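Enquirer: Those protein sequence lines, which keep their order, are chains A and Z.
Under this note's numbering, the residues of the first sequence are numbered 1 to 115, in order.
Under this note's numbering, the residues of the second sequence are numbered 1 to 117, in order.
There's no promise every hint is true.
[As the list claims (entries may be wrong)] Sample of chain A residues facing chain Z (criterion: CB under 7 Å; computed from the structure):
id, residue
1, G42
2, L43
3, F45
4, N56
5, F60
6, P61
7, E103
8, F105
9, F106
10, G109
11, L112
[As the list claims (entries may be wrong)] Result set (BS3-like, lysine-lysine): computed pairs, CA atoms no more than 30 Å apart in a straight line:
id, chain 1, residue 1, chain 2, residue 2
12, Z, K73, A, K13
13, A, K57, Z, K70
14, A, K13, A, K57
15, Z, K16, A, K57
16, A, K57, Z, K73
Hints listed in this document are in silico derivations from the structure and should not be mistaken for laboratory results.
Note that the structure is predicted; figures quoted are calculated from it, not measured.
C-beta atoms are modelled at their ideal positions from N, C-alpha and C, and glycine is treated no differently.
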Amino acid sequence: KAGVTQTPRYLIKTRGQQVTLSCSPISGHRSVSWYQQTPGQGLQFLFEYFSETQRNKGNFPGRFSGRQFSNSRSEMNVSTLELGDSALYLCASSLGAGVYYNEQFFGPGTRLTVL
Amino acid sequence: AQKITQTQPGMFVQEKEAVTLDCTYDTSDQSYGLFWYKQPSSGEMIFLIYQGSYDEQNATEGRYSLNFQKARKSANLVISASQLGDSAMYFCAMREGSGGSNYKLTFGKGTLLTVNP
Numbered sequence: 001k002a003g004v005t006q007t008p009r010y011l012i013k014t015r016g017q018q019v020t021l022s023c024s025p026i027s028g029h030r031s032v033s034w035y036q037q038t039p040g041q042g043l044q045f046l047f048e049y050f051s052e053t054q055r056n057k058g059n060f061p062g063r064f065s066g067r068q069f070s071n072s073r074s075e076m077n078v079s080t081l082e083l084g085d086s087a088l089y090l091c092a093s094s095l096g097a098g099v100y101y102n103e104q105f106f107g108p109g110t111r112l113t114v115l
Numbered sequence: 001a002q003k004i005t006q007t008q009p010g011m012f013v014q015e016k017e018a019v020t021l022d023c024t025y026d027t028s029d030q031s032y033g034l035f036w037y038k039q040p041s042s043g044e045m046i047f048l049i050y051q052g053s054y055d056e057q058n059a060t061e062g063r064y065s066l067n068f069q070k071a072r073k074s075a076n077l078v079i080s081a082s083q084l085g086d087s088a089m090y091f092c093a094m095r096e097g098s099g100g101s102n103y104k105l106t107f108g109k110g111t112l113l114t115v116n117p
């Protein structure tokens with residue numbers, strides 16, 4: 001079974017631009033979560049989608065948004081990029097949502113650099 | 001207060017020896033799950049092991065075992081017979097069961113493990 005895939009793997013953008021990251025979950029998984037990882041803040045939860053609905057949202061500004069499609073693929077968008085948005089963005093999929101015992105399986109991440 | 005505390009920023013172990021990575025957690029929920037992930041330098045987070053709050057036995061997965069002490073709120077990862085490929089960052093994480101935003105995974109700061117030949 002194929003794992004979680006994320007595209008692109010690397011991105012370089014300049015301040016003020018916007019970016020869209022894509023995540024395809026493991027086949028059969030309906031929940032997709034996004035995390036931002038930086039050296040200073042560590043791993044921080046962005047949001048979770050299940051059946052095309054955002055279920056949870058972390059403490060990030062409105063410039064960070066996402067969506068999920070009917071095939072469970074998810075996209076994350078960051079508008080008006082700032083230098084501090086440089087990070088590794090990780091996507092994770094799990095079978096369901098709303099339960100504490102589901103393992104989350106992560107993709108390889110997209111490394112975003114904002115210049 | 002931090003939900004997940006990993007007090008060891010870095011650890012060194014000799015190849016073929018066992019090593020314990022510490023993790024303590026803070027929650028008032030009765031239902032929760034504890035997870036350990038490995039992150040090599042490539043960046044991908046690899047799921048290692050899971051322990052549920054109601055599980056009476058410690059979880060084991062191959063060379064990985066979780067030393068779960070509920071009263072102390074600790075969930076230490078034990079890696080037996082360390083291998084050079086075990087060198088990576090290790091994260092302890094928790095998902096609480098009270099619903100809402102608590103269903104997200106909350107991660108510790110991580111422990112960088114280096115296995116020496």
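Enquirer: All hints, please: hold or fail.
Expert: So, going through the hints one by one against the coordinates:
1. G42: holds, 5 Å
2. L43: holds, 4 Å
3. F45: holds, 4 Å
4. N56: Since the shortest Cβ distance to chain Z is 5 Å, the answer is holds.
5. F60: violated, 12 Å
6. P61: violated, 16 Å
7. E103: With a minimum Cβ separation of about 5 Å from chain Z (threshold 7 Å), the hint on E103 of chain A holds.
8. F105: holds, 6 Å
9. F106: Check passed: Cβ of F106 of chain A comes within 4 Å of chain Z, closer than 7 Å.
10. G109: With a minimum Cβ separation of about 5 Å from chain Z (threshold 7 Å), the hint on G109 of chain A holds.
11. L112: Since chain Z brings no Cβ nearer than about 12 Å to L112 of chain A, farther than 7 Å, the hint is violated.
12. Z:K73 to A:K13: Status violated; Cα separation ~43 Å.
13. A:K57 to Z:K70: Holds. K57 of chain A to K70 of chain Z sits at ~29 Å (cutoff 30 Å).
14. A:K13 to A:K57: At roughly 25 Å apart (the allowed maximum being 30 Å), K57 of chain A and K13 of chain A satisfy the hint.
15. Z:K16 to A:K57: violated, 42 Å
16. A:K57 to Z:K73: OK: K57 of chain A and K73 of chain Z at ~27 Å, within 30 Å.
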